[in-house]
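Chains A and B supply the protein sequences, listed in that same order.
Using our numbering, read the first sequence as starting at 1 and increasing by one per residue.
Using our numbering, read the second sequence as starting at 484 and increasing by one per residue.
Derived from the structure by calculation, the hints contain no laboratory data.
A virtual CB, placed ideally from N, CA and C, is assigned to each residue, including glycine.
Hints are all accurate, no fakes.
Quick list of in silico lysine-lysine cross-link-like pairs, DSS-like style, CA-CA up to 30 Å:
1) A:335 x B:582
2) A:265 x B:551
3) B:487 x B:592
4) A:356 x B:582
5) A:53 x A:38
6) B:562 x A:265
7) B:507 x A:299
8) A:265 x B:592
9) A:265 x B:563
10) A:299 x B:508
11) A:335 x B:551
12) A:335 x B:562
13) A:335 x B:592
14) B:487 x B:508
15) A:393 x B:582
16) B:554 x A:265
17) A:201 x A:10
18) A:265 x B:582
Facing chain B, from chain A, some residues (calculated, C-beta under 10 Å):
19) 273
20) 275
21) 288
22) 289
23) 318
In silico negatives: residues of chain B with every beta carbon more than 12 Å from chain A:
24) 488
25) 513
26) 517
27) 568
28) 569
29) 576
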Amino acid sequence: MLSFHNLSIKHKLTWLGVLTSASALILACAAFVAYDVKNFYDDMVRSAATQAKIIGYNSAATILFIDPRSASETLAALSTEPDIIAAGIYTRDGKLFASYAATRSSSTAATSLPKALTLRADGHRFEKRYLELWQQIIFERKVIGTVVIQTSLDAMRVRLLQYIAIALLVLLISTLGSIAVSLWFQRRISRPILDLAATAKSVTDDKDFSVRARAESRDEIGQLVETFNEMLARIQEQNQELQQSRDELEQRVIERTAQLENANKELESFSYSVSHDLRAPLRSIDGFSQAILEDYSDKLDAEGQADLRRVRAATQRMGQLIDDMLDLSRVTRAKITREQIDLSALMRALGAELQKVEPERKIDFTVAPGLTADGDPRLLRIALENLLRNAWKFTGKHPTAKIEFGITQNNGNSAYFVRDDGAGFDMAYANKLFGAFQRLHAMTEFNGTGVGLATVQRIISRHGGRVWAEGEVEKGAIFYFTL
Amino acid sequence: MSDKVILLVEDNPDDEALTLRALKKNNIQNDVVVARDGVEALDYLFGTGNHTGRDTSVTPSVTLLDLKLPKIDGLEVLKKIRADERTKFMPVVILTSSKEEQDLINGYKLGANSYIRKPVDFSQFIEAVRQLGLYWLLLNEAAPLGSR
Numbered sequence: 001m002l003s004f005h006n007l008s009i010k011h012k013l014t015w016l017g018v019l020t021s022a023s024a025l026i027l028a029c030a031a032f033v034a035y036d037v038k039n040f041y042d043d044m045v046r047s048a049a050t051q052a053k054i055i056g057y058n059s060a061a062t063i064l065f066i067d068p069r070s071a072s073e074t075l076a077a078l079s080t081e082p083d084i085i086a087a088g089i090y091t092r093d094g095k096l097f098a099s100y101a102a103t104r105s106s107s108t109a110a111t112s113l114p115k116a117l118t119l120r121a122d123g124h125r126f127e128k129r130y131l132e133l134w135q136q137i138i139f140e141r142k143v144i145g146t147v148v149i150q151t152s153l154d155a156m157r158v159r160l161l162q163y164i165a166i167a168l169l170v171l172l173i174s175t176l177g178s179i180a181v182s183l184w185f186q187r188r189i190s191r192p193i194l195d196l197a198a199t200a201k202s203v204t205d206d207k208d209f210s211v212r213a214r215a216e217s218r219d220e221i222g223q224l225v226e227t228f229n230e231m232l233a234r235i236q237e238q239n240q241e242l243q244q245s246r247d248e249l250e251q252r253v254i255e256r257t258a259q260l261e262n263a264n265k266e267l268e269s270f271s272y273s274v275s276h277d278l279r280a281p282l283r284s285i286d287g288f289s290q291a292i293l294e295d296y297s298d299k300l301d302a303e304g305q306a307d308l309r310r311v312r313a314a315t316q317r318m319g320q321l322i323d324d325m326l327d328l329s330r331v332t333r334a335k336i337t338r339e340q341i342d343l344s345a346l347m348r349a350l351g352a353e354l355q356k357v358e359p360e361r362k363i364d365f366t367v368a369p370g371l372t373a374d375g376d377p378r379l380l381r382i383a384l385e386n387l388l389r390n391a392w393k394f395t396g397k398h399p400t401a402k403i404e405f406g407i408t409q410n411n412g413n414s415a416y417f418v419r420d421d422g423a424g425f426d427m428a429y430a431n432k433l434f435g436a437f438q439r440l441h442a443m444t445e446f447n448g449t450g451v452g453l454a455t456v457q458r459i460i461s462r463h464g465g466r467v468w469a470e471g472e473v474e475k476g477a478i479f480y481f482t483l
Numbered sequence: 484m485s486d487k488v489i490l491l492v493e494d495n496p497d498d499e500a501l502t503l504r505a506l507k508k509n510n511i512q513n514d515v516v517v518a519r520d521g522v523e524a525l526d527y528l529f530g531t532g533n534h535t536g537r538d539t540s541v542t543p544s545v546t547l548l549d550l551k552l553p554k555i556d557g558l559e560v561l562k563k564i565r566a567d568e569r570t571k572f573m574p575v576v577i578l579t580s581s582k583e584e585q586d587l588i589n590g591y592k593l594g595a596n597s598y599i600r601k602p603v604d605f606s607q608f609i610e611a612v613r614q615l616g617l618y619w620l621l622l623n624e625a626a627p628l629g630s631r
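Given these sequences and hints, build the entire structure.
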């Protein structure tokens, strides 16, 4: 009972039924017994008073004529009343005039009669074992004596005991009954709730939304069960919809992947034939141009020879364009395998290579130490090489140059940068920088096919990063990228 | 030197002419046998078809093999060359336009001795052929006949 709160509903309901019925029954029994006992007392007093009146009436003459023997005879008539254990007649001055004692337990009863009567008025009192009642004997409006009757309370006691026994029996039976009833009710009320709880638990544990709780009634519990079931049904429905859309999505992904693979394959075969078939005629043009230059130079004037040289230069340039285009598409198609790369070391190595090619260039090339990144080593090398080559190229018109590779904070993100103090560019054209075959400088000024930065952008975006640039004409350019 | 035969497998007549010119420019005067597709190349090497009756014990000192060929492509020809006892150790130089990684890998996987990409610049091509001739016809020692 201490933790009634934690008892299961089943036990709570049983306790509730038993306690309610028992307390009601105890209250009812107590009230009934109290009422009956009071009635019994009243009856006892009334009947004793009647007896006393009769005896008083019959014995008035015996007192007047001072005939105690007759008075005793009158009293002896009381033997017909088994409950009366003793009686006595007292004179006006309170002296015992005559007495009666029931044969049974007469000694105790008789001695209990008072020797002298001090009380004058009518009345009664309850002693431990008996009721004592006194009644004045009146003759011609004068009090001439008093009758005292003692009535045993044994009958009362027996009756009370019987009552208690019956009440206890009833209480026992009714408790058993109420236990049975409340068990039955409890089953009616608690079983659906327990079922519901078990179902909810199994749903939570097994994630199985197809189970249903049983609804047995149409009361609030029934509604609860029904609502719960509806909820489960809706969840199941939504789950199915989710699963369905997931399946559809998966299917779509598979389809798209297949399409993409197809497109990739087509692109591959396209660039394969570009690399094969487009270059072959170029080789012929270049080769036979040179053959003409070699074999027929005597038949060509200077202008003709210059024209042929232009043909050759254009051919080679186209060859270069094709190669760059293929490189660009290869970068787009290449599989990315990420690993930790020491960007600083890579940059220093690339710088040393460039310096070796152009040893006469005076370039102050600084690399921030310890810069690393996760990325595809081959692709990142291509990207960094393009950026550094650009910086190298566009500082070429200056006698000395400063090129820097480092890291900086941009909107809370780290961005790597390559900075130079070369030709720079007009920010108005910044958006054109990364387009394939887009060039901001004349061919005569700086050579190139215009795929370098496009390649850089593809590599960076394939790594999930971003590349952008800032520049000012003749002040230099900064290329930022994130990985 | 002239007893050594060069087998040129090339379907493009322009390339054939330019290759022959490059050989001539480099004073490589060996006999050049030209096969214009894969089948013809294999016929020559194994003495079948148009070349029935050829003494197949004489194998070319070097075979210049294009990859993109009619009928049987270059890689397939290479596979057959390496599968045959007579030509198993014959030097094969792939001479092609492609520099696709896959072609390079497959070429070497099938046992090509060298892989040269034809440059657009003819001057560079002449230089490449010069070095090629110098290496395979002069410097390189072919596998002895008994090992074939």
